[in-house]
Structures are given as structure tokens and as C-alpha cells.
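Participant: Put chain B on the given structure of chain A with help from the hints.
Residue numbers (this note's numbering), protein chains in the order written: chain A, 472 to 772; chain B, 472 to 772.
The set of hints was computed from the structure by calculation and includes no laboratory data.
Here the structure is a predicted model, which means the values were calculated and not measured.
Do not take every clue at face value.
If chains are identical, the list can't say which one is meant, so a pair holds when it fits in one copy or spans any two.
Calculated cross-link-like contacts (lysine-lysine; reagent style DSBU-like; alpha-carbon spacing at most 35 Å) [to be verified]:
#1 573 / 707
#2 707 / 520
#3 707 / 523
#4 554 / 707
#5 565 / 516
#6 520 / 648
#7 554 / 601
#8 648 / 573
#9 516 / 473
#10 562 / 573
Here are the chains, one letter per residue:
There are 2 protein chains.
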Amino acid sequence: MKLTILGCYAATPRSMTNPTSQVLEIKNKMFLIDCGEGTQVQLRKNKLKFSKISHIFISHLHGDHFFGLIGLISTFSLLGHQKDLHIYGPKGIKEVTLLQLKLSASWTSYNLYFHELESRMPEVVYEDSKVKVTTIPLKHRIYTNGYLFEEKPAERKLNIDAAQEYEIDTCYFQKIKNGADITLDDGRVISNSTLTFDPPAPLSYAFCSDTQYLEDIVPQLRNVDVLYHESTFLEKEGHLCERTMHSTAQQAATIAKLANAGKLILGHFSTRYEGIEPFKSEAIEIFANTELADDGKVFEF
Amino acid sequence: MKLTILGCYAATPRSMTNPTSQVLEIKNKMFLIDCGEGTQVQLRKNKLKFSKISHIFISHLHGDHFFGLIGLISTFSLLGHQKDLHIYGPKGIKEVTLLQLKLSASWTSYNLYFHELESRMPEVVYEDSKVKVTTIPLKHRIYTNGYLFEEKPAERKLNIDAAQEYEIDTCYFQKIKNGADITLDDGRVISNSTLTFDPPAPLSYAFCSDTQYLEDIVPQLRNVDVLYHESTFLEKEGHLCERTMHSTAQQAATIAKLANAGKLILGHFSTRYEGIEPFKSEAIEIFANTELADDGKVFEF
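So that you can see chain A by itself, here it is in the shape it has in the complex (with noise of 0.2 Å):
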């Protein structure tokens, strides 16, 4: 999995600071999650093509997740873009989209498809033979989601050397890889995991932005790779997360430990602040395994 941290900055735009919006690339699929204004600027700027993106998830209709949407929707047509174009959001996202499209007399080059979103209970709102998507429902001002994207399992390596070995011919290969267990022509049953080496763990994402400190999601979080949690306030300005419904640093770094997950990214930060690192600072005293995103950053786990 790649990460490109397009926008991590909460609301108040300052001149070199971006809202939420990042690109999350598994198995050479491109998904975008939340589109905050400025996001197809950002996109060019780190060279990540417009044509590979087919579903986008917005978390929340606030304006820093979403006020770049329309922008990208209209710059789809106007490189004239022509593959299906997934969106997957809450609900009043399709009407308030295709009134600006109306407004401006635009249409799209492509099919566009929304996924309104209104259940209060995770779903599975992707699948495809490689990736799962489901949703992390969080607890913010107006209804908002988080987004877990899972890996699934790939097949199994075949141990070439085994296959050879027992003169395996080429056509039961596949069948291996998919976990089959052989009957040679003598009779004999050769077991897969003979035939075969584990696959690589499939990797795992949450995406965790906006939220207030939500122990419900932890075991929806279980064991994650990698995990994204917004830290709006640093201790000093944990007072503002009640009414907010933002989190702090450290308690970003309290998920991340009560999920047991791998890594832990920091994001949302409030523009009141001139540095992030103290954001780091304080997280590790919690959960070791902290980065910092930054509008550009990679990460490739």
C-alpha cells in the first residue's frame, strides 16, 4: 500500500497548508478519500494521474473534506474522462452535486454513481477481488464515516522446486496457488502447504477523520497496519475537543493502542499551531509507532 498525504490540515486555510484529502493506492488501484478544495491542484502537484482514480470516499460534508469534489467532478469532463466514477458519501452529497453541475449547465463525459451513506453501523461499501472497503463510523458534528480498507488474502506462492519434485504438470498450478491439496497418479495426496509458501499478510488502513475520542471503533480497529487518526489539539487545547468533537494527539495515540495497531498516522492538525512535531511529541508518550502526515508525505507500508 502507498499513502500520499495530499491535504492533513484542519479548516482555516493558511497559504502552504491544505485540508484533508489523500490518495491510498493498493494493488495499483487509486482510491481518493475526502476532497477537501485545492485537491486537484495537489494531485497534479505529486503527480498522481486523475485517470487512475474511479472511487472516491468523502467522510463527512464539511467543507474541508469536500469542497474540492465538484472541482475534480468538472475537471473528469473537462479531460474527458470516461470511466465510471464511484462516489461514496453521505447522504445530500448527489443532490448538492448535481445542482452545481445543473448551475453550470455541465455535464459528465463518464457515469457518475453516488453511494450515499446513512447507516450509523459499519458496511462493506467496496469489494473487488483484492480490496474490501468498509465503513468507520465516527462521531462528529454532522454524520461521518471513517474508511477501513482491507487487503484480501492473496494467493498462495507455489514452491516451484515441490511442484517439480513431484512432476506436477503446469495446469494444477493455479489450483495450488488457490490452496488445493494434490492427488498424484499413484494414489498419493500431497498437501499444499508442501506445494506452496504463505503470501505476504494482507495489509489493512482506517482512515479516522473527524472524530471525537471514540472507544467504540477499537475493535473495528483490531490489529490494523496502519492507522490514520485525526489530532486536531495538542493537551493544551484539549478543552476545545468537547465542543468540536475533535481529538487530541494523545488520545489518537490511546486508539491506536487499545486497537493494537502497527502505526500510527497523525493528521487534522489545527492551523492555530506553527509546528507539528510537538503533536508527535506527545503522542509517543502513549503509542511509540507515531508519524506525523505533512501535505506531499508518502508512505509506503
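Facilitator: Frame of chain A, contents of chain B only:
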């Protein structure tokens, strides 16, 4: 007048260009004209104070001219803006803005007034003691207006030497600056022209984007000091003007010449071109005093 170009490129985004938006300052008032995506960041980069903006004029509802509006409106609230904000633009701008605010469960910290336009004839949309703003009906794929900003004549300048020579009491000075003649105690009438100098001539600025070549606007632009006119294409791509309803640099120059404008500023360059200098070369063949807009460029006149 001081004009700051925040963005002057046509729709398809590139990493270093911005869609249409500009700030016109007239006698310490700041008017925002169009508001493409990223305008709020451009305001920051150009160190223009958000708090001075109370009037925003939107030409039409194509995304590259108004997708940044909702972000700016939201940011005004985040910053605790208190002053009334007036939005002038095509019918529909109110519905889409309010829908976006509703979906994000947001409200403004200030009074937000919409002045929706539908007329196909020029109309005065704003007027105070110093400035008058009139729509310039344009011809584009959707309903579009340019805007004509006209300073009102300033009061006359007192000739203090003349006033002292005739021993005129200071309590008459404001009357004199307003244009009155003065009758002395001995019955002599001193004409205003003796007592005052002409004030600087009032300036005018016309913003015309987007439009196909349209001679109908020439009478309204007659003798305008500065004309900003779109020039999406060079001559070589002139055949695209009819379908897209845009203009070439030479067409913009022709309008400037017919209107006897003082200066022409070209903008709304298609992002297909690597450099913009050819727009100037083509325009000056028809209208010599042509300049190129560019993001961040400031014109004072």
C-alpha cells in the same frame, strides 16, 4: 484603483495556475470579482485581508469562476467575520450556497445577502458615495455578466491661496469643494472655478470574462480607463471560439480599440499554452496598450 490578479487561467487546473479571481481596491474599498477554487489561499498568498471584503461579484456559475466561493464564505465564519457580506451573481447562487451550508450544518457568523441577477440589460447593482457598479451582459454558454466599476467624481480641490486672497471664512470651504460660487460681503461673486482646482478624473474599470466577441458591449465600455477582457485562445485556435463561446486575444483587442479604452488587460488564458507572451504579441497588432494578467500581478492606475 489597485487591481490584484489572484487567478487568470481557464478551467483545467495546472499545479501553478489559478482560475479566475481578482481583487479591485477603490478608495480603500475592496471588491472581490469571481472566486474560482483556491481563491481563499490566493488571498492569503497575496496578503489581502479577508476582513476588508464585503462585496463579491460573480460573473457566472462555471466552476472556474465560483467553486471557491463556498470555501471563502465558510472561512469568513471560522474567522468570526461580523460584517455583512453581499454576493452578486446569477440566479441559483443562493440556493447552492445555502444547500452547502445546510449539509455541513454550518451557519455564518455574519449576515449574508444575495443579490441574484437575471436581467439581460445592464443594471446598477451596487452604489455608494464613491463607486458605482453596473453589470455588463456578456454572451457565454450560460448566463454571464461582466462588471463595470466607476468612481464617482471626487469633490473639487480648494485653491487655498485664492480663498485667502478673498478672505473667505473656512466655514465655506466644504461648500466650495462641493462646487458652490461665493458671494462676498461687498456683493462680488467669486466663481467656483477661481476658488478650486479640478479633482483627478474619476477612473473606471471593466471586467469582461467569459464572453464570445460581442460588439454590443462597446457603447457601455466607451472610454473606460482599464478593460480586462478574456482571451482564452490565440488566433490559431480561433475556430474554438464559436463552440466554447470564448474570445481570442485579437478579438479582445478589437473591443478595446472600438471602445477607446485606456488600457487592455488580457486574461483567462487556456492552459493548453505553455507561455502567455503570444497573447500580447497578437493583441498589440490591434491595440498597443495591452498588458497580460498573471497570478499575483498587481496593476495600479
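Participant: All hints, please: hold or fail.
Facilitator: Tested hints:
In this homomeric assembly, residue 573 and residue 707 come within 35 Å of each other (Cα to Cα) only across copies, at 32 Å, whereas the closest approach inside a single copy is 46 Å. Proximity of residue 707 and residue 520 under a CA criterion of 35 Å is satisfied inter-copy only: 29 Å between copies versus 40 Å inside one chain copy. Only between protomers do residue 707 and residue 523 lie at most 35 Å apart by alpha-carbon distance; the minimum there is 32 Å, versus 42 Å within a single protomer. Taking CA atoms no more than 35 Å apart as the test, residue 554 paired with residue 707 passes between copies only; the shortest distance there is 31 Å, against 47 Å inside one copy.
When the C-alpha separation of residue 565 and residue 516 is checked against a cutoff of 35 Å, the pair qualifies both within a copy, at 28 Å, and between copies, at 33 Å. Taking CA atoms no more than 35 Å apart as the test, residue 520 paired with residue 648 passes inside one copy only; the shortest distance there is 33 Å, against 63 Å between copies. Taking CA atoms no more than 35 Å apart as the test, residue 554 paired with residue 601 passes inside one copy only; the shortest distance there is 19 Å, against 53 Å between copies. Proximity of residue 648 to residue 573 under the C-alpha cut-off of 35 Å is found in neither arrangement, the shortest distances being 51 Å within a copy and 52 Å between copies.
Proximity of residue 516 to residue 473 under the C-alpha cut-off of 35 Å is found in both arrangements, the shortest distances being 17 Å within a copy and 31 Å between copies. Proximity of residue 562 to residue 573 under the C-alpha cut-off of 35 Å is found in both arrangements, the shortest distances being 19 Å within a copy and 12 Å between copies.
Hint check: a violation occurs at hint 8 only; the rest are consistent with the structure.
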